[in-house]
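A.B. asks: What follows is each chain in one-letter form.
8 protein chains.
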Amino acid sequence: MPLVGVVVGSKSDEPQMQETLRILNEMGIEHELRVLSAHRTPEKTAEYARSAQERGIEVIIGAAGGSAALPGTLAAWTDLPVIGVPLTSSELKGMDALLSIAQMPPGVPVATVAVGSWGARNAAYLAAAILSLKHATINDAYKAFRQKQRKG
Amino acid sequence: MPLVGVVVGSKSDEPQMQETLRILNEMGIEHELRVLSAHRTPEKTAEYARSAQERGIEVIIGAAGGSAALPGTLAAWTDLPVIGVPLTSSELKGMDALLSIAQMPPGVPVATVAVGSWGARNAAYLAAAILSLKHATINDAYKAFRQKQRKG
Amino acid sequence: MPLVGVVVGSKSDEPQMQETLRILNEMGIEHELRVLSAHRTPEKTAEYARSAQERGIEVIIGAAGGSAALPGTLAAWTDLPVIGVPLTSSELKGMDALLSIAQMPPGVPVATVAVGSWGARNAAYLAAAILSLKHATINDAYKAFRQKQRKG
Amino acid sequence: MPLVGVVVGSKSDEPQMQETLRILNEMGIEHELRVLSAHRTPEKTAEYARSAQERGIEVIIGAAGGSAALPGTLAAWTDLPVIGVPLTSSELKGMDALLSIAQMPPGVPVATVAVGSWGARNAAYLAAAILSLKHATINDAYKAFRQKQRKG
Amino acid sequence: MPLVGVVVGSKSDEPQMQETLRILNEMGIEHELRVLSAHRTPEKTAEYARSAQERGIEVIIGAAGGSAALPGTLAAWTDLPVIGVPLTSSELKGMDALLSIAQMPPGVPVATVAVGSWGARNAAYLAAAILSLKHATINDAYKAFRQKQRKG
Amino acid sequence: MPLVGVVVGSKSDEPQMQETLRILNEMGIEHELRVLSAHRTPEKTAEYARSAQERGIEVIIGAAGGSAALPGTLAAWTDLPVIGVPLTSSELKGMDALLSIAQMPPGVPVATVAVGSWGARNAAYLAAAILSLKHATINDAYKAFRQKQRKG
Amino acid sequence: MPLVGVVVGSKSDEPQMQETLRILNEMGIEHELRVLSAHRTPEKTAEYARSAQERGIEVIIGAAGGSAALPGTLAAWTDLPVIGVPLTSSELKGMDALLSIAQMPPGVPVATVAVGSWGARNAAYLAAAILSLKHATINDAYKAFRQKQRKG
Amino acid sequence: MPLVGVVVGSKSDEPQMQETLRILNEMGIEHELRVLSAHRTPEKTAEYARSAQERGIEVIIGAAGGSAALPGTLAAWTDLPVIGVPLTSSELKGMDALLSIAQMPPGVPVATVAVGSWGARNAAYLAAAILSLKHATINDAYKAFRQKQRKG
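Protein chains in written order, with the working numbering: chain A, 1 to 152; chain B, 1001 to 1152; chain C, 2001 to 2152; chain D, 3001 to 3152; chain E, 4001 to 4152; chain F, 5001 to 5152; chain G, 6001 to 6152; chain H, 7001 to 7152.
The set of hints was computed from the structure by calculation and includes no laboratory data. It is possible that part of the hints are untrue.
[Said to hold, decoys possible] As a list, the in silico DSSO-like pairs of lysine-lysine whose alpha-carbon atoms are at most 27 Å apart:
no., chain 1, residue 1, chain 2, residue 2
1, C, 2134, A, 11
2, A, 93, G, 6093
3, D, 3151, A, 44
4, H, 7151, H, 7134
5, E, 4044, F, 5011
6, G, 6011, G, 6044
7, G, 6134, G, 6151
8, B, 1093, A, 93
9, D, 3011, G, 6093
10, H, 7134, H, 7011
11, G, 6134, G, 6148
[To be verified] What follows is a set of in silico ranges between Cβ atoms, one per label pair, in the way DEER data are often shown:
no., chain 1, residue 1, chain 2, residue 2, range
12, H, 7055, G, 6043, 44 to 52 Å
13, D, 3140, G, 6025, 56 to 64 Å
14, D, 3015, B, 1051, 42 to 50 Å
Heads up, the beta-carbon is just placed ideally off N, CA and C, and yes, glycines get one too.
Let's have the full structure, built from the sequences with the hints guiding it.
C.D. replies: Below you can see the structure in the form of structure tokens.
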């Protein structure tokens, strides 16, 4: 049963998120991948977010470029923590997506990470950090990673 | 029966949109005003957009600041033309809203106008220009306005 | 008889607008393509915009990079709805064109879409949405497109 | 025993974070407030972050302006989830802090929220969403807040 | 007979250009002031620019905010040197006007000066420098100003 | 005897300015090319600017990237009209050079043109427009170019 | 005999630099203040920088807004370490000055500090850090300041 | 015994700093290179900075991209002058790193140089300028370089 739902706004954004999936695997975190657009398929996106918690999802990662409404839309329809990854798909190369995802209005938080590949990786690590509060095996894996990393 | 639905993302954004209402009045365009948030009240926003056309609405104007997902969310749930007004409510003073509203992904268009009060006024004029294609009295009012304006 | 006039600021901008033409075709919207510069050929541009309505044009799409005065200039000389597409032709890669097109002063609206290829496509979809208010066959084509798109 | 540590980079940043404290109170989340600078008091900051988990802290919120290294520095010294709030204290009014906090390198995630007062509030809500995964009473309070908010 | 035409895009921009007029006076340069909008009054603007040279104008100064198409439009319709002053009238406070005025396409030059009051003053000095090539009394006045200034 | 002095900040910037030279040739404007740095060779730069007028130079074009102090420094040491071309040589790709050249303080004007190749071409056209006020043959060549260009 | 020369680009910039003077006093560093403009008074500026070292100056601090060529110009004429403070005097409020000062070409370094008052203070501290390498009493004062600061 | 410590935030940043090492060699300045991350290896970074002075280091150069906390963190733990080089490693290509490094809070100065290769070279030259105050042979080498450079 997946703990993390990774949602990308468009099929063409999938390659940018392979690192997210790889790191979730490394941390032993079960996950699922969906292609859902806040703008093109709003009903499916709403349905996904609304039902995520009852299906056992604990953290949602949304990745999108340009207007990048996906993470905010997922956050609008769920109470789970949502992590937003700004992608570089548009001609403005991610600054648009960063502002769209970061500047959420009060009451509906999104946890924004860095633009592009750095953010794709940190989205997985942030999910691990959050899930570590509750899941001992994830905590062990994440702590081991951080400890090894601190040794340089 | 209103032809234009003016939607603001937050109660505190209403004053910025008074000029929109004033100009719609001047052009003789019936309209309604709603406070709906893409993030805080996603279901009401979806419901509003989905039912707008059958209620006779022909153009929707959405105004929001920061992430400013409102116009795009309205556009996601309706096939009507949607005009987006980037407001200056967040600390980044409108550049965030402009990029969020303008950088819509292909397939779900939003007609973006200028940030703040200029856009609030042009949203009404753009609605008038669009409705002029079909409604003779609006066409007369809008043409008269433009003709007088061209005289300086 | 064309309903939509697509105007590009320079011959070298034409390739960026092929998607606009393709989508207008798909929506069954007759159109014409012109190369006209607000700065290099102001008289021809003014003449085109001034005569567009009497020739049956209902929506004008203007695409330009850099200063990108084309959409605003077209809007200055016509009362028809004008859609502006910011292109990436200059060294500043579209941010200049986006601000130039979006920040129109009150009284002369332009409907701005996204920078580059996303905007080139959405200009056609926005034209379709506007024309759908009046033309049943375009309405059918656009609604079919949106409905299929919403199914993902 | 506090679950959330709220850290501000400078005494003068405290007023901007009062809303964070108010909302944490509303959600029934025990918390503590510290003034610690990544740059001026690096040892105290490191010590705080390193010992936070053993003292029972589960989420750290760091708020700073300008270079805004505080959230990233806290994240460097702890494995707990860290939320970063970009403040507007410098002359560049928050764009600097947003980029500094959001653009964390892979391996050390920070959950960035909006610039200034919007982010100050969402930092508390994001902490509530994260803690809701584990703490039933926080989950109840946060769900009640979101449910009420969705009603508009 | 005026040598310099100062054109502002809107009545409300006039106060920002008082310094231009004052300095032109100081340099003994005859001038005239017009309020003309590239967007609202395109015909009058074109007419002004087209007839300027035959009326004895040698340099045109255009000042506008936001899309700021005025200097470029004047340049499109005249072969005289045109100086563009980006004003801060829009919500984006001049960055939009600077990019709009500076990023002119090849073939239609505009001499851009600084945003706001600095540019308003330098537009007059630049006009003086240009006219000094031909008019001895302006040359004397401008050289005297620069010489005194260099003494600090 | 050259009428226009074209100065580039660095040997590696020369290719970006070939179009300037080509257009000056086309307009029949004699010119010279110098490599001079405001920062690396301040004395030579000052000497060049100070002596330009007595050597018969009437317009100076300065092109530089990054800090791009060259046009402003030339303007500091001469009373001739100086045209500044922001180049894309630095990692920030011209936005830095544009702001450095455009934001000259009151009293020392620089005529800024577009970033990179557009500006390289317009620098020559602007020089032609300025020199046309005084030199009949340049006026003929420039008017012929503009007239032909206006025909599209 | 002053060790540090503080140079501001304009009389009106002096108030922004009072904190620099205060901190230099606190550190026991003798200094002098000059108003010199790279653009308006280039000869005086060159003369100041060229003669600074022989007069015993060891560090120069240059502060300017807008094009902000002052620090780079000082660095061009001296081999001493030059610290640049971007001020907020222009309408673009310091982003222009930051880029102008930071983006110096290779071969002529400037040590850039933060925009405005933060930078005005850090310019003095950076001068103290540099001078501490050689002057024991400054080293004592600076170390004492840093040590006290680290205690919070 | 090295006088300059060059620290890069990540192994992949090393190639961007080769020019720094080459120029330090040319100036006859002994140096060492370390890979240390403010975020991934905070303890090693703190230890390096804290012990640098007693090991004879007189200037530290820190280079990093994105959040780029490295120079500021080094400056937090040492009283030595720290030079910061913003690198282009992140998707935002150096603007993020520039703001992060330049906008240091008062009390902990960092000497920021240009983004990328220009800054990599100027970091070495700035170190040379600083060390020239105390070390005669470095002073000779740096003065010779500058003198030769001034000859063009």
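A.B. asks: Against this structure, judge whether each hint is valid.
C.D. replies: Here is what the structure says about each hint:
Of the supplied pair hints, the one linking residue 2134 of chain C and residue 11 of chain A is violated, its CA atoms being roughly 34 Å apart against a limit of 27 Å. Of the supplied pair hints, the one linking residue 93 of chain A and residue 6093 of chain G holds, its CA atoms being roughly 25 Å apart against a limit of 27 Å. Restraint check for residue 3151 of chain D and residue 44 of chain A: the C-alpha separation of about 21 Å stays at or below 27 Å, so the hint holds. Taken as a hint, the residue 7151 of chain H and residue 7134 of chain H pair is honoured in the structure, with Cα atoms around 26 Å apart against an allowance of 27 Å.
Distance check on the hinted pair: residue 4044 of chain E and residue 5011 of chain F sit about 46 Å apart at the alpha-carbon level, beyond 27 Å; violated. Note on residue 6011 of chain G and residue 6044 of chain G: the hinted pairing holds, with a Cα-Cα distance of about 15 Å set against a maximum of 27 Å. For the proposed pair residue 6134 of chain G and residue 6151 of chain G, the alpha carbon gap of about 26 Å is at most 27 Å, so the pair holds. A C-alpha spacing of about 21 Å is found between residue 1093 of chain B and residue 93 of chain A, which places the hinted pair at or below 27 Å, so the restraint holds.
Distance restraint check for residue 3011 of chain D and residue 6093 of chain G: the Cα-Cα separation of roughly 25 Å lies within the 27 Å cut-off, and the hinted pair is therefore satisfied. Our distance criterion of 27 Å between C-alpha atoms is broken by residue 7134 of chain H and residue 7011 of chain H, whose separation comes to about 32 Å. Distance hint between residue 6134 of chain G and residue 6148 of chain G is fulfilled; the C-alpha atoms sit about 22 Å from each other, no more than 27 Å. For residue 7055 of chain H and residue 6043 of chain G, the hinted distance range of 44 to 52 Å is satisfied, since their beta carbons lie about 46 Å from each other.
A C-beta distance of roughly 58 Å is found between residue 3140 of chain D and residue 6025 of chain G, which places it inside the suggested range of 56 to 64 Å. Between residue 3015 of chain D and residue 1051 of chain B the beta carbon distance is about 44 Å. The supplied range of 42 to 50 Å therefore holds.
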